[in-house]
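*Asks:* Residue numbers (the numbering used here), protein chains in the order written: chain A, 1 to 397; chain B, 1 to 321; chain C, 1 to 116.
Watch out, some of these pointers could steer you wrong.
What the hints assert, rightly or not - No more than 20 Å apart at the CA atoms, straight line, and that leaves these computed lysine to any residue pairs for SDA-like:
#, chain 1, residue 1, chain 2, residue 2
1, B, Lys30, C, Ala20
2, C, Lys17, A, Lys288
3, C, Lys95, A, Ile283
4, C, Lys18, A, Phe123
5, A, Lys282, A, Glu79
6, C, Lys95, A, Tyr269
7, C, Lys41, C, Ile83
8, A, Lys183, C, Lys41
9, A, Lys84, A, Thr51
10, C, Lys65, A, Glu79
11, B, Lys304, C, Lys2
12, B, Lys30, C, Pro35
13, C, Lys17, B, Asn37
14, C, Lys65, A, Thr51
15, C, Lys2, B, Ser300
16, B, Lys30, C, Glu10
17, C, Lys41, C, Glu114
18, C, Lys18, A, Glu44
19, A, Lys166, A, Glu44
20, A, Lys23, B, Asp296
21, B, Lys58, B, Gly48
22, A, Lys166, C, Lys62
23, B, Lys30, B, Thr19
24, C, Lys62, A, Glu44
25, C, Lys31, B, Asn37
26, A, Lys282, C, Leu54
27, A, Lys288, C, Val91
It is worth saying that the hints were derived from the structure and are not from the lab.
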Amino acid sequence: MSFEVPIGPQHPIHVEPLMLRLKVEGELIIDVDVDVSYIHRGIEKGLEVRTYLQGLYLAERICGICNCAHSLCYCLNVEQLLGKEVPPRANYLRIIVEELSRIHSHLLWIGHYFHTLGFETLFMYFWRDRERIMDMIELITGNRVITSYNVIGGVRRDITPEIESKLRKTIEYVRERMNYYDKVIDSEPSLLGRLQGVGVLKPADAISLGTVGPHLRASGIKHDVRLDDPYSGHDEVPFNVVTYDTCDCYARVKVRMGEVLESLNMISYALDNLPSGDYRLKIPPFFKAPEGESLSRVEAPRGELVHYSISNGGMNPYRYKVRTPTLANLLSVAVMLKSKGDYEVYIADVPAILGGIDPCICCTARVIITDEVKKKRRVTTLTELERYAREREVRKS
Amino acid sequence: MIWKILEALIFPGAVFILTVSLFYEWIDRKLYARLQNRVGPHLAGPFGLFQPAADFIKLLSKEDIIPAAADRFLFTLTPILAPTLILLGCMFLPVAGLNGIVSFNGDLIVIIALMSFCTITIYLAGEGSNNRFASIGATRAALQLIGYEIPLTLALLCAAISTGSLSLRGIVEAQMANGTWLIAGPQLIGFAIFVVASQAEMERIPFDIPEAEQEIVAGWSVEYTGRRLGLFRLTKDLELFLLSGLGATLFLGGPLGPLIPGLEPLLHTIYFLAKSILVLIVFTLVRTVFARLRIDQMISFSWKYLMPLAIFLVIITEVIA
Amino acid sequence: MKVPGYFLAEALRNLFKKRATILYPYREVDKIHLPEGFRGKIEFDRSKCIGCQLCFRVCPAKAIKMIEDEKGKRPVFFIYRCIYCGQCAEVCPTKAITLGKAFENIALRKEDLEVR
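Bound conformation, chain A alone:
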């Protein structure tokens, strides 16, 4: 006998509304249906009616945790439209803050992940140590979470020697802690039992489902925008792409642990080789972007983030499109959650598997049209969306 268990839209494992309809037989999950249509915020439309400068602050708020990646992606996009190059010092400062926010995101994720697995103590410790990174972000940018650090044409503030020495101390502290936690994760059997062999995603599946970021790297595929398509001076700062080929939740934790260490090294390197000079281009608050389109990609903490914009020569973008990494990764959740042959998934594994992709739902929502009269729900298909977009284009012109 099978019955349906709704995980969501409100459920303790996700902070944000996401619906997983699980079809279970006892504890075994036999089918799953993912629904992401609970939190549409209209941000893309909002970006179209704001000037480029105001849009920056909206783009930054697409996601709270990876705000730095979003603002960086937006800035790169607009700079590309304007045909401007930021000074080298700005690039390095951007890398420092980007990597700091990656560390903070990964620590938050690992801590929260252990919380979902019931390891409360390690959760507290991770979040305690993350607080050091938050303090550093606050020191450099002026706010703990929403950094507002990247601006069109560079960064907003410079780093003083005092901040630099504090930052170096923090890096050493976090590095030492990370090395210790690495040992804890590898030696605690109750934790390993929940991680190893859970949520296996084969490399071939990972590619065909279009997963990105640490989730893809945990399937053993070496893919990182920072390496493949370096932006913002990432080609000058050396780093290793961390991959694991066990393809399970254990690999996902280890990849992120490794990435925290890599990010720490990158910050050290950037601090050592910080170029002198200007950290910001003078760009007036109001400007018209030349006609054209531009696409920018950034390796956000959760994976590849894509911003695409079309300009028709006005004060604001004509069309702005954001592809967040969670949308790319959610498809694989549906596959990982289905029991198939030897591969068995239990209800207890749902937090581990869903948590494994580091879901950030609020930047992901897509439309489902609900017909109140007919009591029917239907998902807008790609062709429909395309037709709608074309019709609108005709209407506008």
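Based on these hints, arrange chains B and C on the given structure of chain A.
*Replies:* Using the frame of chain A, we list chains B and C on its own:
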């Protein structure tokens, strides 16, 4: 007669047990928080001592909802039954002397039976609330019972075998006669099994599977609100007292210790509480350092490791005794 | 190497360490150190303002309104709409706007959250 009633109601009976079990919850929470580098309860009373009581009173005053789909009879019965069963079990503990409030030959078996009844009550509570998460949680609670109950019973029985008595009084007296506590000897293994199995009985990490918040919201207790939830929370506290008291009695000599004539009941109480707090600290440490297991892992753990160990212990105890 | 309870030593060591929490809203309020350059509540210096409206036009949250007073045009800031981005302070030609360190911006009346 009147003394007997007062004993059952006030000291060392219901009022005393309830107060102490709330205090034990405070110790558990505070220690857990300090191990995690947090503050823990700190607002109600000095060092937050009254926090568990405040939580309980708050729950009593909250709205009481019976879901339309729930079984009204079970929904009303189980929250009353569960704390009653455990409170009854606590009455057997030799707190203020070698005797409990009720004491007879075979009371150890009664305590074990009461704890199993409590788990069955929890199963009924989950199934009676007619919710998907609750029934998954209830099923898990029943499954878990299969896993831990036999090792727990065997561990407790080993203490009985090695002292040759099935009553708590007899076990304590045997420890007094020997001059050593049971934990010093092969029963150390029994104590370890007892700690692990109690953790499952109390549904605490790593065995908080039936109410795993992140998986099935709150498991069997998901539909309970207000005073019903408060009573279930109280059941947890009472279980904490019962099991740490049981551990102290069986393995640490219970109320035994150097006595001053005239002050026996007081000293007995102090020794008993101190020893059971030691057991409680062990419980809290276990809860601190593990992640939650999956139900299948829990069952296979207890049948692969806990059961053989318990049977091995029985053999050893038989040989020695 | 699998060691059950590997974490115990570290947990016990932390038992005797100072807690990481600050009892913020109840006690220890003075333990919160805000760094230099923290972006808090807007502070406005009327004497420096020249009424150029740049802050009003640039604000992404529409938290600024221009009004007339005896000395001419000037902005009013609605903190309940402010997103603390600091763009107005950055764009102000006379540095009449600065972001202060007040971050507990809670009030029972809307008027209390206006900077005039």
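*Asks:* Determine for every hint whether it applies to the structure shown.
*Replies:* So, going through the hints one by one against the coordinates:
1. B:Lys30 - C:Ala20: Given that 20 Å is the threshold and the Cα spacing comes to 14 Å, the pair holds.
2. C:Lys17 - A:Lys288: violated (57 Å)
3. C:Lys95 - A:Ile283: Distance of about 18 Å is within 20 Å: holds.
4. C:Lys18 - A:Phe123: Cα-Cα ~18 Å, so holds.
5. A:Lys282 - A:Glu79: With a Cα-Cα distance of about 12 Å, the restraint between lysine 282 (chain A) and glutamate 79 (chain A) holds, given a limit of 20 Å.
6. C:Lys95 - A:Tyr269: Violated: lysine 95 (chain C) and tyrosine 269 (chain A) sit about 36 Å apart, past 20 Å.
7. C:Lys41 - C:Ile83: holds (10 Å)
8. A:Lys183 - C:Lys41: violated (44 Å)
9. A:Lys84 - A:Thr51: Holds, at roughly 18 Å.
10. C:Lys65 - A:Glu79: violated (30 Å)
11. B:Lys304 - C:Lys2: OK: lysine 304 (chain B) and lysine 2 (chain C) at ~17 Å, within 20 Å.
12. B:Lys30 - C:Pro35: violated (32 Å)
13. C:Lys17 - B:Asn37: OK: lysine 17 (chain C) and asparagine 37 (chain B) at ~7 Å, within 20 Å.
14. C:Lys65 - A:Thr51: Roughly 18 Å separates the two Cα atoms, so the pair holds.
15. C:Lys2 - B:Ser300: holds (18 Å)
16. B:Lys30 - C:Glu10: holds (17 Å)
17. C:Lys41 - C:Glu114: holds (10 Å)
18. C:Lys18 - A:Glu44: Status violated; Cα separation ~47 Å.
19. A:Lys166 - A:Glu44: violated (38 Å)
20. A:Lys23 - B:Asp296: Given pair lysine 23 (chain A), aspartate 296 (chain B) holds - Cα atoms ~19 Å apart, limit 20 Å.
21. B:Lys58 - B:Gly48: holds (15 Å)
22. A:Lys166 - C:Lys62: Status violated; Cα separation ~36 Å.
23. B:Lys30 - B:Thr19: Holds - the C-alpha atoms of threonine 19 (chain B) and lysine 30 (chain B) are around 17 Å apart, at most 20 Å.
24. C:Lys62 - A:Glu44: holds (18 Å)
25. C:Lys31 - B:Asn37: holds (17 Å)
26. A:Lys282 - C:Leu54: Judged against 20 Å, a Cα distance of about 16 Å means the pair holds.
27. A:Lys288 - C:Val91: holds (18 Å)
In this structure, the earlier hints numbered 2, 6, 8, 10, 12, 18, 19 and 22 are contradicted, and the remaining ones agree with it.
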